[in-house]
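Chains as they are written, first to last, in the working numbering: chain A, 1 to 248; chain B, 1 to 276; chain C, 1 to 354.
Hints may contain errors.
Unchecked claim - Okay, derived cross-link-like pairs now, SDA-like style, lysine to any residue, Cα gap no bigger than 25 Å in a straight line:
{"#": "1", "chain 1": "B", "residue 1": "Lys161", "chain 2": "C", "residue 2": "Leu344"}
{"#": "2", "chain 1": "A", "residue 1": "Lys73", "chain 2": "A", "residue 2": "Lys179"}
{"#": "3", "chain 1": "B", "residue 1": "Lys131", "chain 2": "B", "residue 2": "Pro232"}
{"#": "4", "chain 1": "B", "residue 1": "Lys161", "chain 2": "A", "residue 2": "His123"}
{"#": "5", "chain 1": "C", "residue 1": "Lys301", "chain 2": "A", "residue 2": "Phe11"}
{"#": "6", "chain 1": "A", "residue 1": "Lys179", "chain 2": "A", "residue 2": "Glu120"}
{"#": "7", "chain 1": "C", "residue 1": "Lys301", "chain 2": "A", "residue 2": "Ala91"}
{"#": "8", "chain 1": "B", "residue 1": "Lys161", "chain 2": "A", "residue 2": "Ala109"}
{"#": "9", "chain 1": "B", "residue 1": "Lys161", "chain 2": "C", "residue 2": "Ser354"}
{"#": "10", "chain 1": "B", "residue 1": "Lys24", "chain 2": "B", "residue 2": "His143"}
{"#": "11", "chain 1": "B", "residue 1": "Lys131", "chain 2": "C", "residue 2": "Pro183"}
No lab work stands behind these hints: they were computed from the structure.
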Amino acid sequence: MMHAEGLVLRFGAVAALDDVAMEIHPGEVLAIVGESGSGKTSLLRVLAGLQPVQAGSVVFDGQEVLSLSDAAKRRLMRTEWGFIHQNARDALRLDISAGGNVGERLMAAGARHYGRIREETAHWLRRVEIDPARMDENPRNFSGGMQQRLQIARTLITRPRLVFMDEPTGGLDVSVQAKLLDLIRGLVAELGLAVVLVTHDIAAARLLAHRIMVMRHGRVVEEGLTDRVLDDPRHAYTQLLVSSVLAA
Amino acid sequence: MTTGYNFAYLDEATKRMIRRALLKAIAVPGHQVPFGAREMPLPYGWGTGGIQVTASVIGSDDRLKVIDQGADDTTNAISIRRFFARVAGVETTESTTEATIIQTRHRIPETPLREDQVLVYQVPMPEPLFKLEPRVRESTKLHALAEYGLMQVKLYEDIAKQGEVATSYNHPVIVDGRYLMSPSPIPAFDNPKMDMNPAIQLFGAGREKRIYAVPPYTRVESLDFEDHPFRPIRAPHACALCRSTESYLDELITDDRGGRRFICSDTDYCAQRQRT
Amino acid sequence: MYVSVKGGEQAIDAAHTWQAALRRGDAAVPEVSITQLREQLGLAVDRVMAEGACADPELAAQALKQARGDTTEAAFLLRAYRNTLPRLGASLPMDTGAMRVERRISATYKDLPGGQVLGPTFDYTHRLLEFAAPIAAPPVEATEPAAAMPRVSDVLAREGLMARDAPSDAEPADITRDGLRFPADRSLRLQAMARGDEGFLLAMGYSTQRGYGNAHPFVGEIRIGAVSVEIVPPELGFAIDIGEITVSECQMVNQFAGNAEAPPQFTRGYGLVVGRNERKAMAVALVDRAQRAPELGEDVKAPAQDAEFVLYHCDNVESTGFVEHLKLPHYVDFQSELEKLRSLRARWEAERAS
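So here's chain A without its partners, still in its complex pose (with noise of 0.2 Å):
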């Protein structure tokens, strides 16, 4: 479905990216983990088409994304694709109604039928657990959690093949991240997305992921099946970030 290789992204001296590769097919959900600084989330905006690089290839149900133009990626970035951020404040629109949040896409995506468009969004806020009664709130006054579920039915509307989700369980609370990650495990598997998941939370990796990436210094220091990097960590500091994890 993707895949990169030979991806290059320096910022001065420091290489945030150095010559890194990932393949990822439908319906599979990859984590890539690591500590801030990785590289983690500059990989996933190069995936995602939002930050050029020095040097490397991101190739998209054939096409090259790095060469496509801003038009063709806005169109993927509101059909084929969706993109997950850690802040749902960044996503929303909080002056704008729950609903309107939700039914943006589809009218993005030409949907002129209001009430079609409003049963669409009931039954995605729905989805998310969010009671459609609210659906003409503004979002502001909504729990973080909630916010976060928001930004997922908004994403998942128009049923994108392939998710990036930059750490979405970051900044909860603890029993809120739990919730979340069920409710994303739930949509995924019964959607077959294909994700690609940045987190430095090795159990939300485990939960989520069918293979894990581990990244350190802009390189790729191992990669596996989530089990098998999990239960059998081969590099020295993929078993640092296990123990560290078992530790805490």
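Given chain A's structure and the hints, the job is docking chains B and C onto it.
Showing chains B and C alone in chain A's frame:
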């Protein structure tokens, strides 16, 4: 004052620059073309865009009509008509049918226009997205990519929160199936007149330095939802002078006890009907 | 008939006559001459000249008189007039280093080549109304021709401490012909501010000092004086001096932390205004530096750093026109709003009843 100024005030090089912008605007219906608007001897916001457009297309054999709020006798309409009489020496008229160029603020005449007529709109704010996206760099991108979901969301919000679309004037339109365009602050009642109109419709925004156009016989659709169709509104009364139940009406307060009467905003249309 | 309230030719004529009468004031009081205004209200004339974008004190004084002392209205008159003048060509870049200086101060060096020249200023006056008749024209000693006065920014640049602005021979954009485009390059920004509203720019500059824009400015130099204007007529092929204009120039020195490519150094905020107006030149220099944030990799957070916001709103001819156009009739739109409001209220009442 007439002496010392070129015909129709602007120098010929400036007129050519504006005509080039107009041609481009007509070639890409509904697309805003930046142009080097000049300071005019009338203030920005008072019709300088329309005046510059009119000055660039007017010839000595044209007959000019100027309306503001549909009327020929409003002060600003008089002031602009006088300006052209002074700097271009052209014939002016109050009759819609006799005019070859009609400069307007906030209305489209009730009398249907013809192929040999040009309607010049004065536009205060050409960018239909400005309340949703004030940054010109960003709104330009949205136009380039035809990303108009945001505007639809605004209408959605109106219906969700108030039961109907809240814009009663300056209701956005899609021109020729492509560009989102501000019709200028005409009442929504006038929007349908823009669609497939035989006349050339030119829009000038002086302060914002943009020109755009709707060529003759071009599709102009008001934004709406299939199940909440666009609804032009007028006061549900007959004109107190000509009894028209089809024209757009001004509401006049006649006393301080709630008395009011309604008369046509289009003075020429009303006068014609009173005569016949 | 109520239609008559829509105005009419007579109303306009009567209004103009009344305005003319008020402009003249009490006919028993002598009329001020344009020359008197030019000579005795020079700073008001200079402000009109700058905001009217036309370096002609005589015309600016005439506009000021015609506008009853309303500087914004006067600037508008002057702009509308200058717009009808043919554009004969562009001057060569003016050399403010060769200025015939009447005032030149630096807040960064106590002494410097050419010295500090206080010149005519209100700076150290006591702001007391002079109820006694002012002294008639005190004598002023002719100043000696100044020695070379290198610009402070050049002194710093020679030491490598001041970022050099890359020189360019490209013809700068012309705001009077093409209008604003974004992203606006520095020449366009400086032009827009040179004719922008003094009050607005002052507030914007001030805001950068109060935390909205992260400024640490020093007045490297302010100089006011006469500068030669030269053009190269195509038929001659060499530069000729076509006269002098008085300008105010301010160079603000600001710190810059440096980044991967550039070492820590000073950066410049620059302001140049036609006529004597150092307050505005200083404000422009502050805002200019604030607007260089993207180029220097600084965060754009404050209003003054937002070029679109500042430049679109600094022009008082544009802003006064649009604010004042609200006086024009809006009967038609208001009528639509009335009908819409009635419709919304009917819906609201029906819903509440049910």
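How the hints compare with the structure:
no., hint, result
1, Lys161/B / Leu344/C, "11 Å, holds"
2, Lys73/A / Lys179/A, "32 Å, violated"
3, Lys131/B / Pro232/B, "22 Å, holds"
4, Lys161/B / His123/A, "19 Å, holds"
5, Lys301/C / Phe11/A, "22 Å, holds"
6, Lys179/A / Glu120/A, "23 Å, holds"
7, Lys301/C / Ala91/A, "19 Å, holds"
8, Lys161/B / Ala109/A, "23 Å, holds"
9, Lys161/B / Ser354/C, "17 Å, holds"
10, Lys24/B / His143/B, "16 Å, holds"
11, Lys131/B / Pro183/C, "20 Å, holds"
Consistency note: the structure conflicts with earlier hint 2 alone.
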